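S.K.: So you can see what is in the structure, the chains are spelled out below.
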Amino acid sequence: MSFRGNHILSIDQFNRNDIEQLFSVADKLEPFASKEKITRVLEGAILGNMFFEPSTRTRISFGASFNLLGGSVREITEVGSSSLAKGESLADTAQVLSGYSDIIVMRHPENDSVKKFSEASRVPVINGGDGSNEHPSQALLDLYTIRKELSQNDKTIDNLRIALVGDLKYGRAVHSLCKILSKYKDVKLNLISPDELKLPEDLIRQMNDSRVSINQTENLEKGISEVDIIYVTRVQEERFKNKKDANKYRGLLSLNQSIYTANCEPNTVIMHPLPRDSRSDANELDSDLYENPNLAIFRQADNGVVIRMAMFALVLGVEEKIEETSKPVNWKVGLNS
Amino acid sequence: MSFRGNHILSIDQFNRNDIEQLFSVADKLEPFASKEKITRVLEGAILGNMFFEPSTRTRISFGASFNLLGGSVREITEVGSSSLAKGESLADTAQVLSGYSDIIVMRHPENDSVKKFSEASRVPVINGGDGSNEHPSQALLDLYTIRKELSQNDKTIDNLRIALVGDLKYGRAVHSLCKILSKYKDVKLNLISPDELKLPEDLIRQMNDSRVSINQTENLEKGISEVDIIYVTRVQEERFKNKKDANKYRGLLSLNQSIYTANCEPNTVIMHPLPRDSRSDANELDSDLYENPNLAIFRQADNGVVIRMAMFALVLGVEEKIEETSKPVNWKVGLNS
Amino acid sequence: MSFRGNHILSIDQFNRNDIEQLFSVADKLEPFASKEKITRVLEGAILGNMFFEPSTRTRISFGASFNLLGGSVREITEVGSSSLAKGESLADTAQVLSGYSDIIVMRHPENDSVKKFSEASRVPVINGGDGSNEHPSQALLDLYTIRKELSQNDKTIDNLRIALVGDLKYGRAVHSLCKILSKYKDVKLNLISPDELKLPEDLIRQMNDSRVSINQTENLEKGISEVDIIYVTRVQEERFKNKKDANKYRGLLSLNQSIYTANCEPNTVIMHPLPRDSRSDANELDSDLYENPNLAIFRQADNGVVIRMAMFALVLGVEEKIEETSKPVNWKVGLNS
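Chains as they are written, first to last, in numbering that gives the first Met the number 0: chain A, 0 to 336; chain B, 0 to 336; chain C, 0 to 336.
Derived by calculation from the structure, the hints in this document are not laboratory data. Values in this document were obtained by computation on a predicted structure and should not be read as measured data. Among the hints, erroneous ones may be present.
Because identical chains share one entry, a pair is satisfied inside a single copy or across any pair of copies.
Claimed, not checked - Listed below are the simulated BS3-like cross-link pairs for lysine-lysine, each with C-alpha atoms no more than 25 Å apart in a straight line:
1) Lys85 x Lys36
2) Lys331 x Lys187
3) Lys242 x Lys85
4) Lys240 x Lys85
5) Lys34 x Lys326
6) Lys197 x Lys182
7) Lys154 x Lys243
8) Lys331 x Lys115
9) Lys326 x Lys114
10) Lys221 x Lys242
11) Lys331 x Lys114
12) Lys34 x Lys168
13) Lys115 x Lys154
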């Protein structure tokens, strides 16, 4: 596909070339995200940031990315305030809202809702998460993080060895990451989860078909040795029928510095889609990992900004105009040291 | 009246000259709304978009219109977060909020609240809907739509033949439209509603006084023949004492393509203030009308943007400065074809 | 301290020189707040306006101030939409959100939460109110108002005579004002409150140590004679165990024009942190004071904008660059007279 003028609904749309193009634009946007310079390339453009399900982090990340390109943001932050409650169809909502914006990011609790919405929209729509279905910008920023972290040790996504840890049954981020990894060569995957929270069978089959090498285990120590990346996830409490069921699994797979030191190769990178559950009975990633330079979870969140900037730039076709509109930064960046 | 530096509280403020002036500025703003170019004429100005009652569509439309002129938007989206709950008077709220903005749009559930607010405000206030009372930007965008749609068949608002369909008792949009139409010559009005949801008597009297010709009927087929415009409305469920009462009337007056073909003159335009209720038991406008080029409901919503831009431009007195500050658009507009 | 690149968490950080520097930048920003000209000095910068507790007035004031400097604003308006609910630590939230913004304003219902947050943030954090603890921008705008109002009568903060009226026990604004006043010389303080709502003992001790002269009384008339400033506060209903307890004190200390005329020196200035409770059983400041030119409560709210602009400008180190980036205002400011 070409990004220009198209919806971004699923990572299935992308081949390796698309992904490489996106990552290369993201690389060029790094100095703008880190405030070495600013751009106003989207001055006058409006993002419709339509969140029909709460998600502070993703909402702010998309909005900030659009602001960093010079555009304005109009927002919906809750389904209660919408006309859907008055019997309006998603198609009508899409027709109307697309008259107010140049591009729309939409999150919605129902699977496939964003696709339906996009079919009636007159402007490009980016899926910001539709139920348990897709969340393509998360998968792309995860892969971008893997590529960036590995490159420091001269490794590539081809030949990647990665451990996925935690709730692999309900974790949407993990599912999308698996799909995107299956586009690469010689990927070795260690799936570490309680038996009841294993990766869905159809996804395992799909990855086998793509020649991903898969090992499944319930043993954290064994699973995280001999990998380049450990990708930990939260128990998706909200997807369980009741909290008690979820509580059974919280805290079962908890990584801390001593387990890391005892089992991992040097420079094994730790990732997490966040939020991580830091309550003592869950504690997926212990706070003693804070000092570990391979804890990449906040660099990963930061990468969301350049990836989303790159998505906007490519869909709106301004990726070649960013440099020429750049300006210096007036203010002091960051904290006093 | 002149718009410059004044509140916009009611359509009663306007005479035909005012309306013509507004529409002529709106015409000039079309290329900015359709992204042929951008303007930054309100760079540095702040809109206080104060919604003390939820209304996604109107809120986003006003906000986007202000962004399109180059201004910034600060928002209130719910009464719960306001100081009114702590016993503050509307006058105090107005004094304080008007110190934070250059112009205010206010929606509030109580009739006449916006007027009270405006009396203490130090900046112009635009009524974004006060209870069942007024919603002037809706009436203006409706009339602008009628004018624009008719002009394609060389017709004018003078001599207009229009059918109003549905809940004419509670529909605020319909009431305001009636008032504004009474400023024009030789308007013929077909009122189509269940007997219990008829247009209020005082409004009918007022229109008779202005020499509007009025027919009342419960028969959809009869009412929509020999008109230029069919204006359909939703049953205003939220204004009924209980839902059951409202349900009696839902679905009674439902327009679809075959009724349209059998009864309407060619090019009869279909309008609706939206949201329309598309649940099967209501279905005011059937989805088979989607292909009908005379279905103007989304063009009508789009017109809200230029009308609101024109209101801002005139009240803030920048209508002559827009062209000189215009710039080209950097990005690809709309979807790939 | 220097403001540049630092958090603003407490008024205890500041000495008189800091305060003078802030006020002198605020003075320079007045023409921008009153729209004699505009500045775009923070073009490209993003404020994370993070309100984990509702506060319309403070939220909009900070947001508008940042917009007036040319920056963009991304917002959180309710704790419900945050990841804290999923067990995320404040430190993680800070790490992530500081990757989306150049500066953060945070309000939170828990004491010391903003400090904890700031320790993990990678950008400067301004305390927008943490529980009953601190709200430094309110104290600074109060003091700025006192200085400005007094200067018209050639008085200074040194030698100030001020009456604090109302709920002195729970009023956070009053506590902070006391602390900041204790940095000045020869301040005379009349504390007027019901016995049960007296200023906390430790604060009185602290002020005595700073040689502030203190009188306590329950008698409004006596307390407001021979002062330069009367600072009235609302009964902080929400801090009482039940509403009935609060109701006992509402309306006890109510100032109106005739009490003012009978007891006050000419030009005694009336202040209030707002919102004031205008319900008839409270009525802290009667509406007949509206015409009194010494009622400074709305000028006080307005001063919040320049003070917050000055805080942003100093922390981000652009205070010297504002003038050089200034532009003329295109639009008509204020209402038609």
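S.K.: For which of the previously enumerated hints does the structure constitute a violation, in increasing order of number?
M.R.: 1, 2, 7, 9, 10, 12, 13
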